[in-house]
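Chemist: Single-letter residue listing:
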Amino acid sequence: MGGPGLPCVHCGLCLDTCPTYRVLGTEADSPRGRIYIMEGIRDGELEFDDEAALHLSRCLGCLACESACPSGVSFGRRIEEFRPRLAERTGSTRRWQDLARKAYTSDALVDAGVKVASLLDRAGLGGVRRKVPGLGLLPGSLPGSQPSSSAGVSPLRRSTSHQPLRARARVAVLTGCVADRVLPDINRDTVEVLQRNGIEVVEVAGQQCCGALALHAGLTSDAVELAAANANALAGSDIDFVVTTAAGCSAMLRDYAHVLAGTSAAGRGEELASMSRDICELLVEIGFDAPARPLEARGNVAFHDACHLLHAQGISSAPRRVCEVALGRAPVDLGENAICCGSAGSYNIDHPVLSAEIGARKAELARERKATVVAVANVGCMLQIGQAVALAGLPTLVKHPVQLLAEAYRRSDTGA
Amino acid sequence: MQDNSPRSFAERPVVAPATTQDALQAAPHLATAPPAGSDRRVVDAIREIVGPRGIVDGASARKVYECDGYTLEKSVPRLVVLPATTEETSRVVSVLAGAGIPFVPRGAGTGVSGGCLPLQSAVMIGTSRLRRIRSIDVEARTAEVEAGVVNLEVSRAVDAHGLYYAPDPSSQSACSIGGNVAENSGGPHTLKYGVTVNHVLALEVVLPDGRVIWLDREYDAPGYDLVGIFTGSEGTLGLVTAARVRLMRKPESVTTLLAVFPGVAQASRAVSAIIAAGIIPAALEMMDALVIEAVEAAYHFGFPAGAGAVLLIELDGIAAGLDALAARVHDCCTREGASEVKRAAGEEERALLWKSRKRAFGAMGRLAPAYCTQDGVVPRSRLPEIVAKIAEVASRYHLRIANLMHAGDGNIHPLVLYDEDVPGEVERVLAAGNEILTACIELGGSITGEHGIGIEKMALMPKSFTAPTLAAMEDIRTAFNPRGLCNPGKILPSSRTCVEVRRPRPRGGG
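Each protein sequence line maps, in turn, to chains Y and D. Every letter in the first sequence is one number past the one before it in my numbering, and letter 7, counting from 1, is 124. Every letter in the second sequence is one number past the one before it in my numbering, and letter 436, counting from 1, is 499.
If we strip away everything but chain Y, and leave its shape as in the complex, we get (with noise of 0.2 Å):
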């Protein structure tokens, strides 16, 4: 069983870790079907039609079963693989793709969507706008969301105060096209923190999206033209480190040496990849301060992996640290942290009842740990996870360990 890297042995065990198939109970709503039928429509025994296509394109890329996998199938290459494909089949994709552009060389759409879904919750029409598809997923303004307040300028261009004298590092900030706008709090939290710790942060002229928006949406070239945009102006700048804070952005940027191999900017990726940190990670591998008065939760701080930081990069102990530093005691988990949440970046706009459905699990998983926060380390498992606890009505808020690190230095400053 041939496709890129190693061969399904049709075992099984990745079943029960994918979020589709868990809710659907459908064998081609999983890896090892979706791989079947991949390798059905190869060898010509099955058609890429309308039903192949779906099952295909119900696939939320979270990459649970390649954690699973024994035999160490790339499911995500194959996969990804099939994307532009898939683009060109489904009417949803398309539509998707037209949005994916404009929320990465348009910030004034992903402003305007914010604007509304405020405006509607103001006018107490949130529990509507919170269904909708896309704009349900806005923070607007209702119980355990933030505020977007400071939407219209990125907090990256304001945030000097901290700014050390002399460095331990200096970094770059990928700010996340839709990130920026949505949750403009994480950036400057994380900005604030690097400052904090000694990490001086540096503009760098030129740099884009990371391109994981247009790759899964199938446009392969406008991913390729951005990875190499940001290959070319970070790796050759005066920076030790890129971070970022949102979990897709950094995977997509330990995957440039891939994405770029076979280009001009091959080389430079490889670097920028070999650069490229997750908020939380950085912070544990070169040591942070521990705030002098750590946060008081009243109930549970809930931890939720996000699977581009678990399952696509291994990474679960650094953003659990992050949490248990700023808050003085280990999170607790929200249980089930290896199934995907949901989100997965255009999910919600096309498969809106299964992504509703697979998000209803995590609160129901907060009800039943009495959680007031759950914390997690990337922004669309944050808007995700906030709009099935908005929905559910509960009054828990969504995180980032950074925003709990940042919050407790100061709290420490004012002794409060």
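By construction, these hints were calculated from the structure, which means they are not laboratory data. Glycine is no exception: its CB is placed at the ideal position from the N, C-alpha and C atoms. Mixed in with the good hints, there may be bad ones.
Claimed, not checked - For the chain D half of the interface with chain Y, some residues (derived, Cβ under 7 Å), not all of them:
no.	residue
1	Val119
2	Gly121
3	Val260
4	His262
Said to hold, decoys possible - Derived DEER-like restraints, expressed as beta-carbon distance ranges:
no.	chain 1	residue 1	chain 2	residue 2	range
5	Y	Thr489	D	Ala382	34 to 40 Å
6	D	Asp283	Y	Pro512	51 to 57 Å
7	D	Ala390	Y	Gly431	35 to 41 Å
8	D	Asp484	Y	Pro201	24 to 30 Å
9	D	Gly380	Y	Ala447	40 to 46 Å
10	Y	Pro512	D	Lys418	37 to 43 Å
Said to hold, decoys possible - Chain D regions said to be covered by chain Y (calculated; three or more residues, Cβ under 8 Å):
no.	stretch
11	129-140
12	166-180
13	308-315
Knowing the structure of chain Y, use the given hints to seat chain D on it.
Modeler: Just chain D now, with coordinates in the frame of chain Y:
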């Protein structure tokens, strides 16, 4: 012929007993084409019962059900039904029985003997949506779980109470309780704790005519031990929809040793030595050089290079005395030629050791594009003989065969590596497997320890049992499954007729 009209749950069909052969001939045509014509009414009736999410009728969605973990033979079901409740299951079975259409139960599809291969254009009934844990009784240490609940999920659900579900097949993170019951699954801890049948107290079963019954033996129920008959019947007597299982208290203390040997012969002797010393380990597993190579590639545990075989020995019980026991096991291994015996330092190292063992099957993909898992049993004392035989067969057929064994109970798992693209290789794999299993019989063992007969080993049944014994088995099946509609063409060779099995496709390139 039967009346083809679907019947409701309320008016269950009264089935006229017929011979298996009649039933087989009544079963229609068409393996791959979507259901059509007179089938349409049946499909509509089923759709009515299970709703759109419970029915799989598209070509690609059905094709993925053409095999389970046994990939040498394939057949596409004409329809896949995924009921969400026992009642839905019962009504679906009633409709199918009324129309005389055969059906095959399927759990997670992790089986390795083709037990859920849909023969005779059977409709597949999957249990993947029967996933509720209905109740947990901590005091009585039992849980009632539906058939589709994943094995490991049961242990997770009761973990906080210090309890667990003991049978632990290698696929426990994916396989389901219903499938475990059908195959009477074992696992590494079989040696001390027994197999599935030792942990099932009661079963909820949908009989092949749609009736729902409970089989209960919890308090030494009088009458026949029907739970015992159903467990391991591979879905040929009916469809299990739920089970009440026994939960065990987690042992106070556990320790795991890894003993490295120059070859499987020395390791086999150590196995007998340990048992002869009066020690019953919780698990006693063997992996040979090829398996070590594969798991090392996958998990980098740090097995010594050039190890010919390793034994994984787990001891559990009350903490006091466990160290002394470990020392005795250490001695046994050293006396039989172990070059190194080490004890897992902590829980993390122990977990990693077990991970390499439990995922060894899948890790074989790192050595070859495909493999066939054999499953046989020999008396423990004859392990060295079967190991020599396997090596001889491998060299004669020009095949690589890796050995994974639940050595403590003489259960061997030769993994025959192959490549579908090499002409004639599949045939050699089948012939080699046959020889190994025949050798197991000759050594006084059996042709399956835990994987079942399925479709894979039917031809070997007459070598294992006398004709009157096989006839008695046939009678039992006929008693529950008189028309042979439920999982036709499995276990007993007499019923293997009009098979439309497809051999693996030839593959070019890739």
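Chemist: Against chain Y, with CB atoms and a cut of 7 Å, does the hint on D:Val119 hold up?
Modeler: At about 6 Å, which falls below the 7 Å cut-off, the nearest Cβ of chain Y leaves the hint on D:Val119 intact, so it holds.
Chemist: Mind checking the hinted window 40 to 46 Å against the Cβ distance between D:Gly380 and Y:Ala447?
Modeler: violated (31 Å)
Chemist: According to a criterion of three or more residues whose C-beta lies within less than 8 Å of a C-beta of chain Y, is the stretch 166-180 of chain D covered?
Modeler: With 3 residues close enough to chain Y, the hint holds.
Chemist: Cβ-Cβ distance between D:Asp283 and Y:Pro512: within 51 to 57 Å?
Modeler: holds (52 Å)
Chemist: Please check whether D:Gly121 passes as an interface residue: C-beta within 7 Å of a C-beta belonging to chain Y.
Modeler: Holds: closest Cβ of chain Y sits about 4 Å from D:Gly121, inside 7 Å.
Chemist: Taking the CB of D:Ala390 and the CB of Y:Gly431, does the distance hold inside 35 to 41 Å?
Modeler: holds (37 Å)
Chemist: The stretch 129-140 of chain D covered by chain Y? Criterion: 3 or more residues, Cβ-Cβ distance below 8 Å.
Modeler: holds (count 4)
Chemist: Could you check if D:Val260 really has its C-beta closer than 7 Å to a C-beta on chain Y?
Modeler: Where the cut-off is 7 Å and the nearest Cβ of chain Y is about 23 Å from D:Val260, the hint is violated.
Chemist: Kindly confirm whether 34 to 40 Å is satisfied by the beta carbon distance between Y:Thr489 and D:Ala382.
Modeler: The hint (34 to 40 Å, Cβ to Cβ) holds, given that Y:Thr489 and D:Ala382 are roughly 38 Å apart.
Chemist: Under the criterion of a CB-CB separation shorter than 7 Å, is D:His262 in contact with chain Y as hinted?
Modeler: violated (20 Å)
Chemist: Go ahead and decide if the range 37 to 43 Å is satisfied by the Cβ distance of Y:Pro512 to D:Lys418.
Modeler: Check passed, 39 Å falls within 37 to 43 Å.
Chemist: Does the beta carbon distance between D:Asp484 and Y:Pro201 stay inside 24 to 30 Å, or does it fall outside?
Modeler: holds (28 Å)
In terms of the numbered hints stated before, the structure departs from hints 3, 4, 9 and 13, listed from lowest to highest.
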